[in-house]
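S.K.: Using the hints provided, position chain B relative to the given structure of chain A.
Number of protein chains: 2
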Amino acid sequence: MVASLRLPSLTSLLFPATTCYPASLRRTVCLRNRRPLSGFATAPSGTTASSETKSAEVDRLKSDRAVTPRSKDFNAWYLDVIASAELADYGPVRGTMVIRPYGYAIWEAIQEYLNVKFKETGHSNMYFPQFIPYSFIEKEASHVEGFSPELALVTVGGGKELEEKLVVRPTSETIVNHMFTQWIHSYRDLPLMINQWANVTRWEMRTKPFIRTLEFLWQEGHTAHATPEEAEKEAKQMIEIYTRFAFEQTAIPVIPGRKSKLETFAGADITYTIEAMMGDRKALQAGTSHNLGQNFSRAFGTQFADENGERQHVWQTSWAVSTRFVGGIIMTHGDDTGLMLPPKIAPIQVVIVPIWKKDNEKTGVLSAASSVKEALQTAGFRVKLDDTDQRTPGWKFNFWEMKGIPLRIEIGPRDVSSSSVVVSRRDIPGKAGKVFGISMEASTLVAYVKEKLDEIQSSLLEKAVSFRDSNIVDVNSYDELKEAISSGKWARGPWSASDADEQRVKEETGATIRCYPFEQPKGTKTCLMTGNPAEEVAIFAKSY
Amino acid sequence: MVASLRLPSLTSLLFPATTCYPASLRRTVCLRNRRPLSGFATAPSGTTASSETKSAEVDRLKSDRAVTPRSKDFNAWYLDVIASAELADYGPVRGTMVIRPYGYAIWEAIQEYLNVKFKETGHSNMYFPQFIPYSFIEKEASHVEGFSPELALVTVGGGKELEEKLVVRPTSETIVNHMFTQWIHSYRDLPLMINQWANVTRWEMRTKPFIRTLEFLWQEGHTAHATPEEAEKEAKQMIEIYTRFAFEQTAIPVIPGRKSKLETFAGADITYTIEAMMGDRKALQAGTSHNLGQNFSRAFGTQFADENGERQHVWQTSWAVSTRFVGGIIMTHGDDTGLMLPPKIAPIQVVIVPIWKKDNEKTGVLSAASSVKEALQTAGFRVKLDDTDQRTPGWKFNFWEMKGIPLRIEIGPRDVSSSSVVVSRRDIPGKAGKVFGISMEASTLVAYVKEKLDEIQSSLLEKAVSFRDSNIVDVNSYDELKEAISSGKWARGPWSASDADEQRVKEETGATIRCYPFEQPKGTKTCLMTGNPAEEVAIFAKSY
Numbered sequence: 001m002v003a004s005l006r007l008p009s010l011t012s013l014l015f016p017a018t019t020c021y022p023a024s025l026r027r028t029v030c031l032r033n034r035r036p037l038s039g040f041a042t043a044p045s046g047t048t049a050s051s052e053t054k055s056a057e058v059d060r061l062k063s064d065r066a067v068t069p070r071s072k073d074f075n076a077w078y079l080d081v082i083a084s085a086e087l088a089d090y091g092p093v094r095g096t097m098v099i100r101p102y103g104y105a106i107w108e109a110i111q112e113y114l115n116v117k118f119k120e121t122g123h124s125n126m127y128f129p130q131f132i133p134y135s136f137i138e139k140e141a142s143h144v145e146g147f148s149p150e151l152a153l154v155t156v157g158g159g160k161e162l163e164e165k166l167v168v169r170p171t172s173e174t175i176v177n178h179m180f181t182q183w184i185h186s187y188r189d190l191p192l193m194i195n196q197w198a199n200v201t202r203w204e205m206r207t208k209p210f211i212r213t214l215e216f217l218w219q220e221g222h223t224a225h226a227t228p229e230e231a232e233k234e235a236k237q238m239i240e241i242y243t244r245f246a247f248e249q250t251a252i253p254v255i256p257g258r259k260s261k262l263e264t265f266a267g268a269d270i271t272y273t274i275e276a277m278m279g280d281r282k283a284l285q286a287g288t289s290h291n292l293g294q295n296f297s298r299a300f301g302t303q304f305a306d307e308n309g310e311r312q313h314v315w316q317t318s319w320a321v322s323t324r325f326v327g328g329i330i331m332t333h334g335d336d337t338g339l340m341l342p343p344k345i346a347p348i349q350v351v352i353v354p355i356w357k358k359d360n361e362k363t364g365v366l367s368a369a370s371s372v373k374e375a376l377q378t379a380g381f382r383v384k385l386d387d388t389d390q391r392t393p394g395w396k397f398n399f400w401e402m403k404g405i406p407l408r409i410e411i412g413p414r415d416v417s418s419s420s421v422v423v424s425r426r427d428i429p430g431k432a433g434k435v436f437g438i439s440m441e442a443s444t445l446v447a448y449v450k451e452k453l454d455e456i457q458s459s460l461l462e463k464a465v466s467f468r469d470s471n472i473v474d475v476n477s478y479d480e481l482k483e484a485i486s487s488g489k490w491a492r493g494p495w496s497a498s499d500a501d502e503q504r505v506k507e508e509t510g511a512t513i514r515c516y517p518f519e520q521p522k523g524t525k526t527c528l529m530t531g532n533p534a535e536e537v538a539i540f541a542k543s544y
Numbered sequence: 001m002v003a004s005l006r007l008p009s010l011t012s013l014l015f016p017a018t019t020c021y022p023a024s025l026r027r028t029v030c031l032r033n034r035r036p037l038s039g040f041a042t043a044p045s046g047t048t049a050s051s052e053t054k055s056a057e058v059d060r061l062k063s064d065r066a067v068t069p070r071s072k073d074f075n076a077w078y079l080d081v082i083a084s085a086e087l088a089d090y091g092p093v094r095g096t097m098v099i100r101p102y103g104y105a106i107w108e109a110i111q112e113y114l115n116v117k118f119k120e121t122g123h124s125n126m127y128f129p130q131f132i133p134y135s136f137i138e139k140e141a142s143h144v145e146g147f148s149p150e151l152a153l154v155t156v157g158g159g160k161e162l163e164e165k166l167v168v169r170p171t172s173e174t175i176v177n178h179m180f181t182q183w184i185h186s187y188r189d190l191p192l193m194i195n196q197w198a199n200v201t202r203w204e205m206r207t208k209p210f211i212r213t214l215e216f217l218w219q220e221g222h223t224a225h226a227t228p229e230e231a232e233k234e235a236k237q238m239i240e241i242y243t244r245f246a247f248e249q250t251a252i253p254v255i256p257g258r259k260s261k262l263e264t265f266a267g268a269d270i271t272y273t274i275e276a277m278m279g280d281r282k283a284l285q286a287g288t289s290h291n292l293g294q295n296f297s298r299a300f301g302t303q304f305a306d307e308n309g310e311r312q313h314v315w316q317t318s319w320a321v322s323t324r325f326v327g328g329i330i331m332t333h334g335d336d337t338g339l340m341l342p343p344k345i346a347p348i349q350v351v352i353v354p355i356w357k358k359d360n361e362k363t364g365v366l367s368a369a370s371s372v373k374e375a376l377q378t379a380g381f382r383v384k385l386d387d388t389d390q391r392t393p394g395w396k397f398n399f400w401e402m403k404g405i406p407l408r409i410e411i412g413p414r415d416v417s418s419s420s421v422v423v424s425r426r427d428i429p430g431k432a433g434k435v436f437g438i439s440m441e442a443s444t445l446v447a448y449v450k451e452k453l454d455e456i457q458s459s460l461l462e463k464a465v466s467f468r469d470s471n472i473v474d475v476n477s478y479d480e481l482k483e484a485i486s487s488g489k490w491a492r493g494p495w496s497a498s499d500a501d502e503q504r505v506k507e508e509t510g511a512t513i514r515c516y517p518f519e520q521p522k523g524t525k526t527c528l529m530t531g532n533p534a535e536e537v538a539i540f541a542k543s544y
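Quick mapping for you: the protein sequence lines, in order, are chains A and B.
Using the UniProt record's numbering, the letters of the first sequence correspond one by one to residues 1 to 544.
Using the UniProt record's numbering, the letters of the second sequence correspond one by one to residues 1 to 544.
If you're looking for bench data, these hints aren't it; they were derived computationally from the structure.
Check before you lean on any hint, since a few could be wrong.
Put simply, identical chains are the same to the list, so a pair is met inside one copy or across any two.
[Said to hold, decoys possible] Derived DSSO-like pairs (lysine-lysine); straight-line CA-CA distance at most 27 Å:
1) Lys344 x Lys117
2) Lys357 x Lys282
3) Lys463 x Lys358
4) Lys119 x Lys344
5) Lys72 x Lys358
Isolated chain A, as found in the complex (with noise of 0.2 Å):
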């Protein structure tokens, strides 16, 4: 469970993440803050510029708003969408975020879809209470080396010090496998296929919004199973879920895959995982689902009694996606404007704006806009009728662009006189993204508005896929893994290399194996590192 949103240490050490709290962040923030208060942009009421008009005004708030550009400086960028789209602020506690209401709408979309089928899958969900016995974590070898390092540890309860320390969850296996041993007895008991959404701890060093910070949000399957084949068959169709969520709903192309054995979760036999390449090329870790063998079981006795009364250890997955999912989406199709949400996990889809210079336009194109509004949210989009006099049109055009929106209404009086609006692509800037004249009249503008919705989602989908493709290289030998690495590529290559291989690789490149997908090019392969025979080629990379 905890490869999901961790990173070996010593990579971390060698390429740490840009750590937090720039002064830059506390700065947007405020600034967006006072905007109500600052004055400018505020157009006398009564009127507004029209979409045309950039006045110098505009120009400024533009300036004063942007983030700084995504081609300029990724990190910047990433923090500065954050703040200024509203997605997430910094808490109290070091390492620690709130995540505010535009940014928990994703993580709403992302649960809503994956509950579904968690329970279509015959997964029901519970709940695990979040403090464990220190003992447990020590019961399981590989797990308590794993995890003792990043722990947060309870030692006063109701004023007392507490005879056993407890440890805030960073995980549950083992309080799962606590709890399975007494529910578990015959093989009529199992499958037990269980879910939880919680929150989890882990004392991170260094964090970063979203993608790694000290208490994370997070779905956990935990699943016990009669047979091996049948553990295996749960953590392949768990990552396979995963998968198709991220293709079908944020469009991320992940590359499905198996670990390598450094890179497996601290108590699993195999752990899948599903990889993501940011728009900085660097890997995110998105997603895994970890086949775990007999290890916990073994370690706490969860046993049941097979058709012939024998007893046996069950055998085990677990797998989590998490709030990282949204750093990923964010990094994945962001531009330098800002944020670019797919239409199908965007907590607002179509964002209206009326335009009116004269008070007497007003009354027709706030009623133009709100039928408008009430059309395509029967239809079942989500809307925003953004008819506030407090801005401009042109303001609230870079508005909800840096905050994704994928498709803009305008509604101005000419519109209103044809009955027609226009419609503006955020995929597409400019002119070439906007289209004039489109009717008002409700089932052609419905049917417009999916038709371009769905076509932005493949569009994206497309673009991420095909920036994917053009940095992975295929190589063949080590010099050529290095130079792809140096390059800021991804490297494919035969591997059937050691441990201290790998480990080296790491060390000398700063790339990890991300994973040994499971789509493998045919043909004899022979190991990049070593010239021996190789069954599969693996995928190295730096990452998150």
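M.R.: Below, chain B without anything else, positioned relative to chain A:
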């Protein structure tokens, strides 16, 4: 926020809830889990007893499985129901609870309803970190007094002693205000209305599953407003939403009202509450909504510039319901047989039990049962088809009754021939609740099931209302109050006496003021204690 899940310590000392972990609970769980192993009551493969057959086997099983009758020992019954119906189990750390899928599904139904209401009334979900610097808790004087005895403290993180110990949130007013100071600048940023679904921790000494646990799940709403009137309106709106939820969804006729000063939340000006009468006539505080005034905004400096540019402290509210509500549902509607769930909140509304004696009947019966299931599911009902042949129909009847499923549909070979089914109501035991010959035809059956579920929902509420009303005594003197309380009832009487008098009532009778109900009798009132004029009646009761 606290108030929603806490008993003043004095009351708990005087009237300790029987504490948990009785051997009987574990035993019951084990029996339940061991059942597939124990072999009895498992019908020979391919055959199964008809519902009419009351074999000794079924009787034995029934007595094995039976919960302690509610009429015999309310507390033992409560714990038995939780164990047998697999609602929850004890966690490894004293006072913690594992919420099992069936119990969690009830919580999910609660969440689903409230989440929609919160959003409809303009609140956004978000998430605050659970670790709060200890110094935050100390900032609001009555808050620290109320909470410090029951805090869990993290003192070690990542292997190091922390410089400042961290509180695992018992409630979030302090951290919320810390963040609000960064987000609120002008009156235009108000109202700020948010909610979070989260776990909270309170180091309770006397615990009871769902009712009072070390860690529990809840939602906590937090709002900030420009005026005291708006805050008051919000606090009242939320208690009104809770009230309607209790009546309409859970069929619990709560009494909404205002807490006495002694019982007000630590840090609030006013606490509104909904008080529910449990089956043992003890009161359960099922939800609270606090008008926090400026207590936290002054402690944290949460200010805004009003329309004249003057800095003012915001006016705030907070409000919560928790997994305690699940306990309230159990203790309101359950009977000697076990759980009884209101249809609107029941994870399974209809269970279908197919009945066959001979192998050649099985196919027809199961196929009819599946069609019925399909038809009901399509119509939106939550349906379970119990088609296992491990159990007799009689066993299944008992099992699903104990689990509180509102309606049972029985389908045997004769029903298949006549294209009809038998429908039994959980709330009307035996033959009186059983109707034969309901047509299997989808639209007829769907209409019938809908009508019956509605009837059950109303009937549970009516029953609870009349139970409640027959157990509230109007009192006009302290003697009458004492008599009412000692006979196990609630006492309602005019009250304008001092805090010291209220304290004395508590010490002498074990009853506290549950609330000054919103609904007040007309006419002049004389305080039952002092004989002075009183403006309101208060309700006194022993409580959880």
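S.K.: Just pull the numbers of the violated hints for me, sorted ascending.
M.R.: Violated hints (numbers, rising): 2, 3, 5; every other hint is consistent with the structure.
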